[in-house]
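Number of protein chains: 2
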Amino acid sequence: MENHAFTDDLKSGLYRAIFTRRDVRGEFLPEPVPDEVLSRILMAAHHAPSVGFMQPWSFIVIRAHETKRDVHRLFEQANAEAAGMFDGERREVYETFKLEGILESPVNICVTCDRDRAGPVVLGRTHIKSMDLYSSVCAVQNLWLAARAEGIGVGWVSIYDQPALKRVLGIPRRVVPIAYLCLGYVSCFHKKPELETVGWRPRLPLDELVCFETWEGSGDEGAGLLLERIRADQEAARQETFLSEWLE
Amino acid sequence: MENHAFTDDLKSGLYRAIFTRRDVRGEFLPEPVPDEVLSRILMAAHHAPSVGFMQPWSFIVIRAHETKRDVHRLFEQANAEAAGMFDGERREVYETFKLEGILESPVNICVTCDRDRAGPVVLGRTHIKSMDLYSSVCAVQNLWLAARAEGIGVGWVSIYDQPALKRVLGIPRRVVPIAYLCLGYVSCFHKKPELETVGWRPRLPLDELVCFETWEGSGDEGAGLLLERIRADQEAARQETFLSEWLE
Chain A
6 MENHAFTDDL
16 KSGLYRAIFT
26 RRDVRGEFLP
36 EPVPDEVLSR
46 ILMAAHHAPS
56 VGFMQPWSFI
66 VIRAHETKRD
76 VHRLFEQANA
86 EAAGMFDGER
96 REVYETFKLE
106 GILESPVNIC
116 VTCDRDRAGP
126 VVLGRTHIKS
136 MDLYSSVCAV
146 QNLWLAARAE
156 GIGVGWVSIY
166 DQPALKRVLG
176 IPRRVVPIAY
186 LCLGYVSCFH
196 KKPELETVGW
206 RPRLPLDELV
216 CFETWEGSGD
226 EGAGLLLERI
236 RADQEAARQE
246 TFLSEWLE
Chain B
6 MENHAFTDDL
16 KSGLYRAIFT
26 RRDVRGEFLP
36 EPVPDEVLSR
46 ILMAAHHAPS
56 VGFMQPWSFI
66 VIRAHETKRD
76 VHRLFEQANA
86 EAAGMFDGER
96 REVYETFKLE
106 GILESPVNIC
116 VTCDRDRAGP
126 VVLGRTHIKS
136 MDLYSSVCAV
146 QNLWLAARAE
156 GIGVGWVSIY
166 DQPALKRVLG
176 IPRRVVPIAY
186 LCLGYVSCFH
196 KKPELETVGW
206 RPRLPLDELV
216 CFETWEGSGD
226 EGAGLLLERI
236 RADQEAARQE
246 TFLSEWLE
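Chains as they are written, first to last, in our numbering: chain A, 6 to 253; chain B, 6 to 253.
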């Protein structure tokens with residue numbers, strides 16, 4: 006059997022991007038993102054999987070202050086509404102969070118999904134209509150990981166009124182804005198997700214999220230061995246040794 | 006400014022995973038996937054971004070022939086319906102496609118989204134309700150890239166009746182199956198997406214999918230420079246030299 010696995014060096018690049026990727030809000034630096042870096046990041050997004058090779062995504066690159074300001078207003082409005090949905094102490098904590106870096110980040114990118122890009126009948130979308138939306142999300146995740154490898158932070162802003170954003174960016178009816186992203190160099194990448202650090206929600210134990218054959222199915226002896234292995238990897242991740250064998 | 010970018014070696018691992026990842030249907034080998042590999046792939050999925058650190062995903066690991074057979078029946082039923090949605094020559098071509106490797110792949114994984122995992126009000130999901138579904142898709146893409154680095158092929162099956170799949174796998178009402186994935190070692194990874202090779206749909210030119218400030222906005226001089234760079238990278242990708250400076 007031919008071995009198509011990457012060398013440990015190459016593997017470590019991928020895993021390092023996955024494990025050190027963060028949602029960045031407060032650490033953006035004003036330095037511009039060079040075209041060759043932005044191009045590679047967009048190439049990575051464009052090579053995401055898509056249902057029926059539909060490639061439903063487009064990328065609206067936003068660098069003008071006026072556009073950012075208009076989008077930032079939508080965030081402020083929606084975020085005031087959002088705060089009101091939390092109660093008591095939770096609301097007070099919510100209001101201390103910085104949840105976007107729209108104005109501080111040098112580049113914003115809106116990733117969209119054109120639902121009509123390949124006509125009405127799309128291979129693989131015949132039974133699950135949201136498959137094209139999911140394809141655009143895969144593009145977002147590729148973009149995010151490539152950005153991390155390039156030293157660029159990304160923050161996904163999701164607190165705004167969607168019809169209002171479509172008006173501001175002139176997005177036609179058939180197109181869905183999937184993600185509004187802020188990109189830029191950063192002063193630091195936090196070691197852990199900020200919501201974990203401040204105690205908003207803990208990292209869930211992966212072994213409790215894995216089941217076998219059916220929902221909550223506990224499986225056979227082989228299942229137990231896999232879960233043991235997962236627990237060991239989790240412990241290594243907590244001790245920050247999971248990547249260390251690979252990291253320079 | 007501190008440089009948080011990866012070294013070229015590490016970068017190349019990430020980009021190589023992104024550019025050589027394929028949707029695998031017909032090339033699965035029966036060799037089992039070792040637990041340490043499966044654990045790393047699941048760890049990668051679990052470290053995806055999620056709205057409000059919700060981590061809404063679960064992973065149903067399927068290795069029993071009986072379960073696969075039940076799911077394969079759902080595919081066969083839906084695929085017959087799907088074929089009927091294409092006309093004439095397109096239908097004939099569609100019927101030649103192998104669109105899943107459910108039975109041949111040693112492991113299937115259903116990635117789900119539990120919409121109630123963090124209660125009714127979720128930070129960042131207040132205005133866009135589908136954000137949790139998108140989080141689970143990010144987990145799928147992490148899993149797919151990690152699998153590629155491990156030499157494991159992944160195929161995303163999307164042709165089945167979703168309520169029927171929920172019944173087969175015992176998935177509760179509040180939980181959405183996001184992706185049904187087939188995993189295993191492969192005889193080869195194709196150089197290009199199969200749908201591109203057979204002429205079903207071409208790779209779209211990325212520079213035509215990038216706009217500036219607004220939908221179809223053509224931007225300023227700076228926009229032109231970025232587009233030039235993208236065209237150069239695309240040409241390099243077509244010539245298969247885009248990664249070559251990094252590849253061993």
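Among the hints, erroneous ones may be present.
Pairs count within a copy or across copies, as identical chains cannot be separated in the list.
As the list claims (entries may be wrong) - In silico BS3-like pairs for lysine-lysine, Cα to Cα no more than 27 Å straight-line:
#1 Lys197 with Lys103
#2 Lys196 with Lys171
#3 Lys103 with Lys171
#4 Lys197 with Lys171
These aren't lab readings, by the way, just hints derived from the structure by calculation.
Tell me the hint numbers this structure goes against, listed in increasing order.
2 and 4
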